[in-house]
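Undergrad: If you're matching positions, the sequence shown starts at 42 in the numbering used here and goes up one per residue.
Quick caveat, the hints were computed from the structure, so don't treat them as lab data.
All figures in this text were calculated on a predicted structure; none of them were measured in a lab.
Even glycine gets a Cβ: it sits at the ideal position worked out from N, Cα and C.
Misleading hints may appear alongside valid ones.
[What the hints assert, rightly or not] Now the in silico label distances, taken between C-beta atoms and shown as ranges:
1) S129 to L98: 33 to 41 angstroms
2) L98 to R120: 33 to 41 angstroms
3) M100 to G51: 14 to 22 angstroms
4) L125 to G51: 27 to 35 angstroms
5) G51 to Q117: 18 to 26 angstroms
6) Q90 to M139: 18 to 26 angstroms
7) E109 to A46: 33 to 41 angstroms
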Amino acid sequence: TCEVANDSGGFDKAVIYSGQRGSISIYPAPERFALANHVEGIAIEKYGQDLGQQMALRMYKGMLAEDEVQGLQLSQFGREGFNLLHDSFIEQIQKEGMPDMPVMH
């Protein structure tokens, strides 16, 4: 983790992901939103509410591995999934630029 400058002149705690396509700072809330959009949303859209949620939960469980010393951590499948997600974000930013800030009402 590291401190990353924010828009308010302060600093936020973040993780820097460095992959095949470049680097990006990762924050917990947007990461959770991205998972909900890309995993849960697609599963529910394709398989319906009940089965889609079950499939998403099964996938989330597969993203974790238990370690006797360190407890829960990302499995190989989880690391590969996050690498794919982050690399696709970086590629999108490189092709289309930074997305506009959403309008808050």
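Undergrad: For each hint, tell me whether it holds in the structure or not.
TA: Comparing the hints with the structure gives:
no.	hint	in the structure
1	S129 to L98: 33 to 41 angstroms	22 angstroms, violated
2	L98 to R120: 33 to 41 angstroms	19 angstroms, violated
3	M100 to G51: 14 to 22 angstroms	35 angstroms, violated
4	L125 to G51: 27 to 35 angstroms	31 angstroms, holds
5	G51 to Q117: 18 to 26 angstroms	36 angstroms, violated
6	Q90 to M139: 18 to 26 angstroms	33 angstroms, violated
7	E109 to A46: 33 to 41 angstroms	38 angstroms, holds
Hints 1, 2, 3, 5 and 6 from the earlier list are contradicted by this structure; the remaining hints agree with it.
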